[in-house]
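J.: Listed here are the chains, written in short residue letters.
Protein chains: 2
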Amino acid sequence: MQLGGVIMTTKQTSKYHLFLSKIPLFKNINEQELIDFINLVKVKQYYRGEMVTFDSKEHAKCYVVYDGLFKLTRMDEKGEEIVITIADKRSTVSPMHFSKHYEICAEFVKNTTLLYFNKDEIDAFTAKNHQFAMNVIDFLAKSVQSLMLSAEVLQLKTAKEKVGWYMVQSKINNNFKLPYPKNLIAAYLGMKPESFSRALVQLKKDGIKVEDKVIVLDDINELCQYCDKVTGANCRSFKTLSCAHY
Amino acid sequence: MQLGGVIMTTKQTSKYHLFLSKIPLFKNINEQELIDFINLVKVKQYYRGEMVTFDSKEHAKCYVVYDGLFKLTRMDEKGEEIVITIADKRSTVSPMHFSKHYEICAEFVKNTTLLYFNKDEIDAFTAKNHQFAMNVIDFLAKSVQSLMLSAEVLQLKTAKEKVGWYMVQSKINNNFKLPYPKNLIAAYLGMKPESFSRALVQLKKDGIKVEDKVIVLDDINELCQYCDKVTGANCRSFKTLSCAHY
DNA sequence: TAATTTTCTTGATTTAAATTAAGTTTTTTT
DNA sequence: AAAAAAACTTAATTTAAATCAAGAAAATTA
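Taken in order, these protein sequences are the chains called A and B. At position 231 of the first sequence the residue is numbered 231 (this note's numbering), and the sequence of numbers has no breaks. At position 208 of the second sequence the residue is numbered 208 (this note's numbering), and the sequence of numbers has no breaks.
Calculated from the structure, these hints are not laboratory results. Bear in mind the structure is a predicted one, so any value in this text is a computation, not a measurement. For glycine and all other residues, C-beta sits at the position ideal for the given N, C-alpha and C. Fair warning: there could be bad hints in the mix.
[Unchecked claim] Taking lysine-lysine pairs in the DSS-like style, the calculated list, with each CA pair at most 27 Å apart, reads:
(1) B:160 to B:213
(2) A:78 to A:100
(3) A:119 to B:229
(4) B:239 to A:57
(5) B:142 to A:229
(6) B:192 to A:119
(7) A:157 to B:160
(8) A:239 to B:78
(9) B:160 to A:27
(10) A:44 to A:61
(11) A:100 to B:27
(12) B:128 to A:27
(13) A:229 to B:61
(14) B:192 to A:157
(15) A:192 to B:192
(16) B:89 to A:142
(17) A:78 to B:204
(18) A:119 to B:27
(19) B:57 to A:239
(20) B:100 to A:229
(21) B:119 to A:229
(22) A:61 to B:239
[Stated by the list, open to error] Looking from chain B toward chain A, a few residues come up when the C-beta cut is under 7 Å (computed):
(23) 23
(24) 98
(25) 137
(26) 141
Please put together the full structure from these sequences, using the hints given.
T.: This is how it looks when you write it as structure tokens:
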């Protein structure tokens with residue numbers, strides 16, 4: 001195993017092995033085949049503020065975030081950007097599956113350690129291991145669904161509804177905590193930080209507060225009106241009496 | 001092979017076989033294996049104006065459009081809708097890959113004939129035939145990329161730029177013809193028919209006209225400023241002197 | 001811990017597209 | 001071929017969020 005051209009120790013190998021084996025992309029894979037594959041892993045470090053173009057020519061790879069935070073963005077001529085995804089620990093980003101003409105940009109919000117495999121390695125493993133092929137299919141299908149859901153939120157919802165939707169996701173998937181800085185969430189929701197801030201003021205009037213990134217609710221069900229069914233399916237109260245989808 | 005419960009003739013079977021064998025999802029597949037699989041095909045007819053919810057419980061299937069036109073949409077409580085995709089002849093739509101809680105709606109714009117396979121059949125073929133697994137991966141990867149591109153267009157571009165972008169796509173991929181009614185294209189671009197109409201007025205001032213759905217240009221390169229790189233890669237003049245991406 | 005940078009908030013103003021409204025053209029059905 | 005429905009266009013008005021501006025709070029760095 002190599003780190004920037006340097007052979008890594010067995011200790012590091014097993015550290016990454018344990019980490020990667022818990023990633024959905026590698027679930028249910030035969031232990032020995034997985035060990036052999038993960039042996040091919042490479043590591044790259046990026047720093048806060050760095051911007052890298054993930055064109056599929058240079059980056060015909062599949063990345064798993066070991067640690068850190070970055071956003072995948074697209075920019076127009078005027079410097080306006082949209083955030084396609086926010087990636088952090090355990091996120092998988094696979095530019096090898098995009099067209100070589102699709103140039104997506106990674107903007108690193110925190111120092112980030114990426115583990116990666118090359119396209120030929122992934123392709124070979126896909127051919128050899130049917131479970132891995134199924135995992136790749138699952139990963140891409142989830143990406144499709146998440147993009148469809150975002151499209152809906154971005155186009156159909158008001159500023160207040162967008163923030164409400166993000167908060168109910170945070171409540172369900174992240175234990176009542178906004179996982180990222182507000183300006184990053186605002187960009188992901190296709191709005192300006194000022195509008196995000198104003199939406200929070202409106203929500204506060206309904207008893208939905210954010211205190212130091214923690215969501216504080218006067219009424220535990222107040223956020224449910226902003227919930228979508230796919231997100232709701234992970235909620236403890238899904239389709240109980242208090243659920244909006246009941 | 002069955003059509004609404006009725007056994008079909010060999011003549012119909014071979015008609016669909018020829019059609020399906022040209023679909024990207026079935027490319028490069030061993031002839032006999034493909035014949036055996038396509039034998040499982042089922043057919044369903046939908047009519048203009050019909051609306052069907054493609055929830056993944058009822059529709060754990062993979063559809064290929066044999067003929068017709070429909071839009072995949074999502075609607076909110078107020079009846080506002082977004083168009084996720086427009087599907088016509090040869091399009092593949094695969095609700096079996098979505099969450100069972102994701103309910104996408106198919107609105108049929110024309111009478112439509114859908115060919116389909118059930119999830120268990122697709123899964124079995126994916127396990128048996130590695131090339132088919134690769135084709136499913138390609139199909140999903142293309143869906144991801146197309147959704148990312150739409151997200152960018154919908155969020156970053158003005159009404160005029162959106163229409164220009166759609167027209168340059170039509171120029172390159174559809175021989176200077178708008179393939180669908182304007183209100184459908186407007187909905188796909190996340191705008192109202194009125195705004196679409198006004199954008200056309202603006203473009204006309206730049207020498208870009210639409211006459212009976214045909215794009216007529218004073219200057220052949222006038223649309224190039226609206227082109228994205230992925231679309232441009234299919235253009236005859238890609239990266240020549242006159243290309244915006246040169 | 002102080003200094004500096006970045007993030008966040010609030011208010012006034014602008015703006016691009018939606019809405020409302022009404023008429024025209026095209027397509028579909030009878 | 002006539003009638004009806006759907007699609008399209010143009011104009012006036014409204015609206016939600018962006019922009020502009022300035023200051024407060026929080027996080028980083030020195």
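J.: Now, for every hint given, state plainly whether the structure supports it.
T.: Each hint, compared with the structure:
Note on residue 160 of chain B and residue 213 of chain B: the hinted pairing holds, with a Cα-Cα distance of about 17 Å set against a maximum of 27 Å. The hinted pair formed by residue 78 of chain A and residue 100 of chain A meets the criterion: a straight-line CA distance of about 23 Å does not exceed 27 Å. Annotation: proposed proximity of residue 119 of chain A to residue 229 of chain B holds, straight-line Cα distance about 22 Å (limit 27 Å). For a cut-off of 27 Å, the pair hint linking residue 239 of chain B to residue 57 of chain A stands: about 16 Å separates their Cα positions.
Restraint check for residue 142 of chain B and residue 229 of chain A: the C-alpha separation of about 25 Å stays at or below 27 Å, so the hint holds. With a C-alpha separation of about 42 Å, the suggested pairing of residue 192 of chain B with residue 119 of chain A is violated against the 27 Å cut-off. In summary, the hint linking residue 157 of chain A to residue 160 of chain B is supported, as the alpha carbons are separated by about 23 Å, within the 27 Å threshold. Restraint check for residue 239 of chain A and residue 78 of chain B: satisfied, since their Cα atoms lie roughly 22 Å apart, inside the 27 Å limit.
As the CA atoms of residue 160 of chain B and residue 27 of chain A are separated by approximately 46 Å, the hinted pair breaks the 27 Å bound. This hinted pair checks out: residue 44 of chain A and residue 61 of chain A have alpha carbons roughly 12 Å apart, not beyond 27 Å. In summary, the hint linking residue 100 of chain A to residue 27 of chain B is supported, as the alpha carbons are separated by about 21 Å, within the 27 Å threshold. At roughly 20 Å between alpha-carbon atoms, residue 128 of chain B and residue 27 of chain A fall within 27 Å of each other, so this suggested pair holds.
As the CA atoms of residue 229 of chain A and residue 61 of chain B are separated by approximately 20 Å, the hinted pair is consistent with the 27 Å bound. For the suggested pair residue 192 of chain B and residue 157 of chain A, the alpha carbons sit about 16 Å apart, so the restraint of at most 27 Å is met. As the CA atoms of residue 192 of chain A and residue 192 of chain B are separated by approximately 23 Å, the hinted pair is consistent with the 27 Å bound. A distance of roughly 26 Å separates the Cα atoms of residue 89 of chain B and residue 142 of chain A; the hinted pair therefore holds under the 27 Å criterion.
Restraint check for residue 78 of chain A and residue 204 of chain B: the C-alpha separation of about 24 Å stays at or below 27 Å, so the hint holds. Taking the CA atoms of residue 119 of chain A and residue 27 of chain B, the gap is near 21 Å; set against the 27 Å cutoff, the hint holds. About 17 Å separates the Cα atoms of residue 57 of chain B and residue 239 of chain A, which keeps this hinted pair within 27 Å; it holds. For the hint pairing residue 100 of chain B with residue 229 of chain A, the CA-to-CA distance comes to about 10 Å; that is within 27 Å, so the pair holds.
In summary, the hint linking residue 119 of chain B to residue 229 of chain A is supported, as the alpha carbons are separated by about 22 Å, within the 27 Å threshold. Between residue 61 of chain A and residue 239 of chain B the CA atoms are separated by roughly 25 Å; this keeps the pair inside 27 Å, and the hint holds. About 18 Å separates the beta-carbon of residue 23 of chain B from the nearest beta-carbon of chain A, more than 7 Å, and the hint is not met. The criterion of a C-beta within 7 Å of any C-beta in chain A is met by residue 98 of chain B, whose closest approach is roughly 5 Å, and the hint holds.
Because the smallest distance between the Cβ of residue 137 of chain B and any Cβ of chain A comes to about 6 Å, under 7 Å, the interface hint for this residue holds. Annotation: residue 141 of chain B was flagged as interfacial toward chain A, and the flag holds, the nearest CB pair being 4 Å apart, inside 7 Å.
Comparing the model with each earlier hint shows violations of hints 6, 9, 23; every other hint is respected.
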